[in-house]
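S.K.: Residue numbers (my numbering), protein chains in the order written: chain A, 1 to 208; chain B, 209 to 416; chain C, 417 to 624.
It is possible that part of the hints are untrue.
To be verified - Result set (BS3-like, lysine-lysine): computed pairs, CA atoms no more than 27 Å apart in a straight line:
| id | chain 1 | residue 1 | chain 2 | residue 2 |
| --- | --- | --- | --- | --- |
| 1 | B | K229 | B | K414 |
| 2 | A | K180 | B | K350 |
| 3 | A | K206 | B | K229 |
| 4 | C | K622 | B | K414 |
| 5 | C | K596 | C | K480 |
| 6 | A | K136 | A | K64 |
| 7 | C | K480 | B | K272 |
| 8 | C | K622 | A | K206 |
| 9 | C | K558 | A | K180 |
| 10 | A | K64 | A | K21 |
| 11 | B | K272 | A | K64 |
| 12 | A | K64 | B | K388 |
| 13 | A | K180 | A | K64 |
| 14 | C | K480 | A | K206 |
| 15 | C | K558 | B | K272 |
| 16 | C | K437 | B | K388 |
Unchecked claim - Which chain B residues stay away from chain C? Per the calculated CB distances, all over 12 Å, these:
| id | residue |
| --- | --- |
| 17 | D218 |
| 18 | V232 |
| 19 | G245 |
| 20 | N305 |
| 21 | L306 |
| 22 | H347 |
| 23 | R368 |
| 24 | M369 |
| 25 | S376 |
| 26 | L382 |
| 27 | S412 |
Read the hints as simulated data drawn from the structure, not as lab findings. For every residue, glycine included, the Cβ atom is placed at its ideal position computed from N, Cα and C.
Single-letter residue listing:
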Amino acid sequence: MRFSLRPQDDAFYQFFSNAGKNLVRGMEILSELAVAGADTQSVSERLVEVEHDNDQLTHDLYNKINSTFVTPLDREDMYALGSQLDDVMDHIEAAGNLVYLYGLSELPAPPREMIDLFDVLNAQARITADALPRLKGMHNLKEYWIEINRLENDGDRAYRMLLVRLFSGEYDALTVLKMKEVADELEAACDAFEHVANTIETISVKES
Amino acid sequence: MRFSLRPQDDAFYQFFSNAGKNLVRGMEILSELAVAGADTQSVSERLVEVEHDNDQLTHDLYNKINSTFVTPLDREDMYALGSQLDDVMDHIEAAGNLVYLYGLSELPAPPREMIDLFDVLNAQARITADALPRLKGMHNLKEYWIEINRLENDGDRAYRMLLVRLFSGEYDALTVLKMKEVADELEAACDAFEHVANTIETISVKES
Amino acid sequence: MRFSLRPQDDAFYQFFSNAGKNLVRGMEILSELAVAGADTQSVSERLVEVEHDNDQLTHDLYNKINSTFVTPLDREDMYALGSQLDDVMDHIEAAGNLVYLYGLSELPAPPREMIDLFDVLNAQARITADALPRLKGMHNLKEYWIEINRLENDGDRAYRMLLVRLFSGEYDALTVLKMKEVADELEAACDAFEHVANTIETISVKES
């Protein structure tokens with residue numbers, strides 16, 4: 001067991017846990033786009049709502065950090081973690097919004113390689129949401145980093161193969177450009193999950 | 209009133225004020241592209257001049273930081289601020305240069321959404337140039353950060369709608385690609401103004 | 417001559433020297449693509465091998481940093497340098513892999529501006545590999561930074577002119593998109609060499 005002179009204010013851990021839940025929720029909504037005929041407007045609107053919830057949560061976290069004299073973790077680490085969790089959500093929301101704005105719903109269904117990216121992001125969201133409550137106590141976080149990094153490699157490979165597919169001649173140039181913008185947001189979300197994991201690793205090394 | 213044991217060497221503040229003026233000047237020149245028939249070569253050449261002026265200024269700032277024993281602000285913060293102001297200028301210059309190099313002057317006029325981005329950047333340049341002289345004394349900087357962040361959100365929205373416009377089918381694929389490169393530089397300039405504001409916030413929090 | 421209370425454990429310097437050699441080897445392989453009819457599959461496969469070697473080397477470096485009580489250079493600087501050398505290799509490998517995956521070998525030969533980028537990268541790789549063994553003793557590193565920065569400027573210019581060429585109407589839209597992805601990796605490699613140089617500058621300033 002770890003002892004600490006710092007107060008273990010549960011409110012901070014609660015913020016991170018809630019942000020993790022929002023990411024799972026966001027990816028559930030985005031994944032509705034994996035089938036043909038999805039209601040892209042509804043997906044986009046619900047993602048905007050989850051993203052606004054998360055903005056508020058991040059804002060409340062920053063206020064709590066600024067108004068607390070002794071924080072359970074280093075101030076700058078909590079700030080970084082909040083900001084990076086928010087970045088993941090921004091990319092998930094952007095991906096859903098672009099599918100709607102570009103009118104990509106006219107396609108039969110996304111290419112398999114894009115669904116591979118959805119799968120990677122869903123897995124990253126779930127294990128991140130599982131790991132965040134374990135920040136309090138720093139339990140079993142190593143498996144989480146290793147798995148996030150493994151998934152990020154899967155995501156890189158899926159992204160690369162998605163571009164090969166997009167450039168194959170199957171789609172017209174404007175559709176390629178639109179889908180590439182969506183793919184770029186998905187890949188950025190994948191990277192952003194890795195940044196979250198790196199910060200959790202930094203915190204864990206400091207506290208251990 | 210703020211007291212400090214550090215010398216208030218005006219030369220440092222003067223560098224930042226001059227960099228701010230260069231950004232206003234750069235955006236004035238770039239904004240000439242908002243109307244059809246603009247002389248893109250002349251815009252590009254004058255932007256290169258302003259950018260070179262700014263490089264020299266940044267170089268002089270670094271030399272002054274390195275040769276001064278006690279600086280009025282933390283060395284690394286002044287270094288970051290100089291570098292970030294220079295980044296904004298680089299993106300403004302790049303946008304103007306690409307319009308010229310790609311021969312985009314053959315278009316009737318930029319789409320409205322690109323002019324929205326010019327408007328955001330002009331506003332960011334003006335309030336940044338207004339704020340920089342206030343670094344000495346740290347007066348009223350909070351309104352500046354809030355406004356820069358609000359403008360950056362406007363810029364994100366304008367950029368997103370600009371891509372929707374570019375991908376609408378109104379332009380051929382190569383023109384879309386060229387205009388997207390210009391749009392990316394404008395959006396990067398918008399973000400770079402936010403990085404400047406974040407550094408000024410950091411300085412201000414430390415010194416207060 | 418520089419004196420230090422830190423142990424001069426040669427193993428660390430050896431890691432960096434080996435990473436430098438890998439970059440020269442990687443660029444030699446990638447440069448085979450400069451002529452028409454290159455065996456893109458073989459280039460890609462050999463680059464993957466060099467990249468895997470380098471991953472292992474970076475991994476070993478991190479383990480050595482973590483298991484050493486007093487390191488000859490600051491831990492975080494060695495970590496950053498290892499990570500940035502690995503980034504360069506990743507971009508070189510990605511460029512070669514994309515040429516193969518996209519089937520770009522059907523083109524007669526890369527445009528001259530892309531070969532200019534190869535030349536810049538070859539020069540950067542060589543002077544980086546020359547400089548890394550000089551980390552031990554911090555000899556003559558200033559000329560190296562200046563030259564890397566000069567080359568990075570050349571690379572920026574070559575990249576900009578490469579896009580002008582790609583957008584000139586000479587290639588169809590999908591080929592443009594494919595070649596732009598390759599160009600982006602080359603430009604990222606160019607920037608990544610500059611990040612390496614910046615870290616070496618930081619180390620050198622601290623240790624001098």
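S.K.: If a hint holds in the structure, say so; if it doesn't, say that too.
M.R.: Here is what the structure says about each hint:
1. B:K229 - B:K414: Status holds; Cα separation ~25 Å.
2. A:K180 - B:K350: Given pair K180 of chain A, K350 of chain B is violated - Cα atoms ~38 Å apart, limit 27 Å.
3. A:K206 - B:K229: Between K206 of chain A and K229 of chain B the Cα gap is close to 44 Å, so the pair fails against 27 Å, i.e. violated.
4. C:K622 - B:K414: Judged against 27 Å, a Cα distance of about 24 Å means the pair holds.
5. C:K596 - C:K480: Roughly 38 Å between the alpha carbons, so the hint for K596 of chain C and K480 of chain C is violated.
6. A:K136 - A:K64: Holds: K136 of chain A and K64 of chain A sit about 17 Å apart, inside 27 Å.
7. C:K480 - B:K272: At roughly 39 Å apart (the allowed maximum being 27 Å), K272 of chain B and K480 of chain C break the hint.
8. C:K622 - A:K206: holds, 24 Å
9. C:K558 - A:K180: Distance ~41 Å between K558 of chain C and K180 of chain A Cα, so the pair is violated.
10. A:K64 - A:K21: Judged against 27 Å, a Cα distance of about 20 Å means the pair holds.
11. B:K272 - A:K64: violated, 39 Å
12. A:K64 - B:K388: violated, 40 Å
13. A:K180 - A:K64: violated, 39 Å
14. C:K480 - A:K206: holds, 19 Å
15. C:K558 - B:K272: Distance of about 19 Å is within 27 Å: holds.
16. C:K437 - B:K388: Since the Cα atoms of K437 of chain C and K388 of chain B sit roughly 38 Å apart, the hinted pair is violated (cutoff 27 Å).
17. D218: holds, 27 Å
18. V232: For V232 of chain B, whose nearest Cβ neighbour in chain C is about 25 Å away, the distance exceeds 12 Å, so it holds.
19. G245: holds, 22 Å
20. N305: violated, 7 Å
21. L306: violated, 8 Å
22. H347: H347 of chain B clear of chain C: closest Cβ-Cβ about 34 Å, beyond 12 Å.
23. R368: holds, 21 Å
24. M369: Nearest chain C Cβ is 23 Å from M369 of chain B, so the label holds.
25. S376: holds, 16 Å
26. L382: Violated: least Cβ distance 5 Å, not greater than 12 Å.
27. S412: Non-interface label stands for S412 of chain B: nearest chain C Cβ at 26 Å, farther than 12 Å.
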